[in-house]
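Engineer: Let chain C serve as the given structure and place chain E on it in line with the hints.
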Amino acid sequence: MTKAGDSLSGHYLSGTVLFRARHVAAALCALPLLLSVSVRAQGAGGEGGSGATQAPTTPPAAPPPGTPAAPVITPPSLAEFVEATYPPEARAAGLTATVEVVVTIAVDGSVTEATVPTPVGNGFDEAAIEAVRRFRFEPARRDGNPIPSRIRYRYVFEIREEPPPPDETAAPPTTGRFAGQIVAEDDASAVAAAELVVKDLETGEERRIVADAEGRFAIDELPEGRYQISVSGVGLGNVTYEEEVVAGEETSVLYRLPRAGQEVAEDANEPSYGARALIDPPPREMTRRTIEREALYRIPGTRGDPIRTIEILPGVARPPFGIGFVIIRGSAPQDSEILIDGVPVPLIYHFGGLTSVYNGRLINRLSFYPGNFSSRYGRKIGGVVEVETRDPRTDGFHGIADINVIDTSLLLEGPITRKFAIAGSFRRSLIDLILPYVIPSDASTITAAPVYYDYQLIGTWRPTDRDNLRFQFYGSSDHFALIAKNSSESDQSAAENAIGLTTRFNNLQATWNRQLRGNTDQNVVLEVGPQHLEFSAGLDVRFQLETTQMYGRSQWLTRINEHLRLVTGLDVSSGPFQITYIGPSVGQSEGNPGNTSADTIGVKTNGFIFRPGVYADLTVEYGRLLVNSALRLDYYSEINGYSIDPRFVVQYQLRPQWKLKWAAGIYSQPPEFQESSADIGNPNLNPIHSAHFGTGVEYTPIEGFRFGVEGFYKQLWNRVVAGRTSNDPAYTNDGLGRIYGLEVSASVQPSGRKYFGYLSYTLMQSERLDTNAQGWRPFDFDQTNILTASFVYRLPRNWELGGTFRFATGNPYTPVAGRVYNATDRYYQPIFGQINSARNPNFNRLDFRVQKTWQFDAWKLVWYLDVQNVYNHRSQEAVFYNYDYTLRTPVKGLPVIPALGLRGEF
Amino acid sequence: MRANLALTASLAAVLAVGCSNPFPPEEIVEKPRPLAGWISVAGDPDRATPAPGETATYEFLVENPGPRVGWSWLLIVCPVATTQYGISICDFQASWAPTDWPTATVNPPADAPPYPNPSITFTVPSSDVLGPDNDQLLINGFICPGGPLDPGIFQALAAGDASALSSVANPCMDKSANGLLIATPFGLELTPEDVNHTPLVTDVQLDGFPLTSVADPEAPTTGCAGQGLYELQAGTAYLPIDITLNPGSRETYVEPSPIEGQPSTTKTDDPQVTGYATGGDYDIRIDNQREDGQVLQITWQTPPASSVPADGVLVNLTFLVQDDRKATSWAQRSVCVLPPANP
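Chains C and E, in that order, are what the protein sequence lines are.
Heads up, the first sequence is in the working numbering, so the first residue is 1 and it goes up one at a time.
Heads up, the second sequence is in the working numbering, so the first residue is 1001 and it goes up one at a time.
Isolated chain C, as found in the complex (with noise of 0.2 Å):
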């Protein structure tokens, strides 16, 4: 039996596919009442570190990496040194000695107290202990804020010989000074007791210099000549470098230093252990947004979730509820790729926005690529997401354990050897588990609750100095469980049939780098896993994909000089597919609201796809200038056909705070499955292509700070549209679309600040062409308007504050003009009007986040409120009709969601 109201008549959701059945009670409508809660625990392990000479010495401890909430200290310095007086006898028996003094700083910089603890006698203890109490200093900071401190201070004392008197006659200068600083690549904080090796690359020779507490260092008096520097921190990466010294000449450096496990910042040539070798080049893309890893987990609204940050990011729409299409500069969701370590992946969400199906704290950084891509990227006509994980810690065993009402997870990781670390983590939603314990005992209910997990098994080999070796195995599984609470089995067999959602793929994915010699870096990537995707709406839909991606990649980088950069590379991807679905015919996949034919068609079919790839990709950097030019080949053997897509990028640096952009190229992608299936589609369908154009502008006043200005304009040609008439084929190339627009953005992420900062706005429009009968008509989601702004603040006592707002136009939907009745099948089908000729309204939202941390000696403690829609603004996202489309109602978003968390990290 079936309730009333489960009727088998359509109800008509603009913008959507038609369901007739709705059956099953809401799980998801509950999120909004779930409060999470999670602890985390993370060992600690190689910490801390050893003094700089004659300086203080006791360098903080460099924070762990993916900890971004821990708390910024900033150690003492010397402002105001005092030069003690030399004990005359001592002097005269030409003693020398060092003392170590004990010193007690207060939050003014003065010097409170100084003691010696292993006295030396002959008067040196007293003369230091007088000359240290009148040292002025730059108090210790916490997150800024000048805090008490207590140093150990070695003054050493030593008898200088009187400098002999300038030699007129003397020879000019063969030495230079070379000088500099050491900071975190990724928050710029100064990295204290820093070893550097600099090696005489002419005669082999090593000199070893430990930064002071600031991080700075300096030789004065270093031969004329080519060094390389290599550079290490506790708790940080290395990195080598090459500098020339000048003969009389100071050379001043700034070397960013990654944390343990990141990747090595470009220009660093040996990695070690630990990093992953170079590959990228400079600048191939006009334009590359990336959100570094100390915002990923705290911009407020996306509940600590790294990948959802690109919505805050300029020319990426809203999508209506939330859910996790990608729309990239009025692109189709299906038109970007999101790839993780260079290869595509079926589906970043769990249940199309729940969570990321990749575990956050693995993941490094987030490079989003708007338009005018570099040809490393290829098959699609939108935009791209990169999500880079990060290599496992070397730093010691750590541990990150998290539950909260939607999920639990586990990370450990570690190395194994010196050259082998391994990172494995797991998570599982616990919805279904809760679920029965909050519905009523005595409810009648079948509740349908998403079940998903993943995985992520990471381990780097390092087996020579030249070779990186990446292993990583991963997956992800999503499926509804029914949840029955005193059900007839009927209706629990309704609603099984009701609606179903089940995709699971499992990859495994192997990454080789190699330094070759000549100065060329080889980037090798194979990876291959099946998927699963399982779709069914009542009895008259299902869709079934049974596929095995097999992905490769290989992409060698060569310095050919200082000026000349080269990229070439192929990629390949292919597998076997089987797909079964039997439903209503499928159409247009945009722009299409009256997919609702109940004509029922079938279809089994299996086949092979081979798409390689092959590109180069040409920099020339001379000066202010840099051109790259590209070229990237594309077969797709579905439709037997090729692409051929050139490139081009210049940037100028106009000064040193201004650099002005150019962009143009060719992008090209394969129809959809369904579109170029010779069973239900158009085999002889070609490529489609889009042709990017964008020019703006870069102003970084100071570091920290960066204003940019983007045009853009996109052109497509070749678009899938439905077939027109009986006599057409199923699909078509007949489309059209055009793309244009302005991005402003800023950015404010000062390093040692206490705030940061993104803003936002979008001015665009999306349009298509489907027929030149039916005019120009906007893109399914054209949102004219975009306006974004977070910011986060660090108040005193480790509190943090932050919010995001965020404005857009209303999605264009296709109101209903009139219907038509069914009799035999029971049911009113709409006429449609014009085709996205209405629009919702405007959109508005606030997202609100606050959070306090409690550091401990070995732990903190961090808890949070993230609040998503503070002032419950829902919008309207859709229209629903009711039975026979002559009354509407507007379908309303989101309401307040708290998320209230605790974390525990070790």
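Just so you know, the hints here were simulated from the structure itself, not pulled from any lab data.
One or more of the hints may lead you astray.
[Stated by the list, open to error] DEER-style ranges, computed between Cβ atoms:
no.	chain 1	residue 1	chain 2	residue 2	range
1	E	P1217	C	H873	47 to 53 Å
2	C	F648	E	G1131	40 to 46 Å
3	C	G775	E	P1220	35 to 41 Å
4	C	F610	E	T1103	53 to 59 Å
5	C	H873	E	G1131	55 to 61 Å
[To be verified] A few chain C residues that don't get close to chain E, going by computed Cβ distances all over 10 Å:
no.	residue
6	I229
7	D465
8	T889
All of these numbers come straight from a predicted model, not from anything done at the bench.
C-beta atoms are modelled at their ideal positions from N, C-alpha and C, and glycine is treated no differently.
Structural biologist: Chain E alone, transformed into the frame defined by chain C:
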């Protein structure tokens, strides 16, 4: 398709589950409207699949609250055009010429009772005319309650504007009336395996009481007390309505696979009953007959006492029966709901 389906499925999963319907329930007939269609073959009225050369009648069940209203209609039987998606339309390119398509017109509606259901009687042309594989025809046209059709429709069709058959928003002259376009396909019997008999209701019992009476179609909504209808009190709990179908309702048939090349499967009809009413409320309104002899059961409750006058309110109950191959029939009963007696 992979990405599309995943995204669409995700969206559907979010939207399709648990979202309440804010509209009046479909099963309560609150205005004049069609509820179903019943096709019967001349000389074999229980058969729903006319063969080429046979004459058949397609009748639309129309219902409304209160006294019955008259309907006007223009119905055409035509071959179905092959479309990728969208509504079914007549195939003006077919070998069966439009000038030969059967047409039924009642316009304006009858000005006095009885007011018949819209219907069309037609003869299926021979296979030579239809084409060898044409196993389906379409009833296209317009129906309008309580008034005449818009004369513009006839002018458009006379002028050869076939789009009028699929694009008119409201075919009534009075645009406030609930006029409808009709596009109803039905199957033909090309081989003996195609034969499908219509399931029929043989007995209806409300809370154990046999329901047999049907009110006069012209009877007013109120004042039904003492008119010979089964009477029951307002504001009851949900009452079981047991519906018995004829023994032959569960036919066995061969269903070709929708996937070309796949073997056919032998199935047995699981007829489904659906309840409609002009008042009250259904809790369970659909049931399927999955076993021979199974009595189907739906549950309904009377209107609340606050809406029932002292002389009672008439409620017409309609029970539609449809098998897996869309053969449809119906049965109608009436009850009189009285206010509860004073304690």
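Engineer: Please list, smallest to largest, the hint numbers that this structure does not respect.
Structural biologist: 2, 3 and 8
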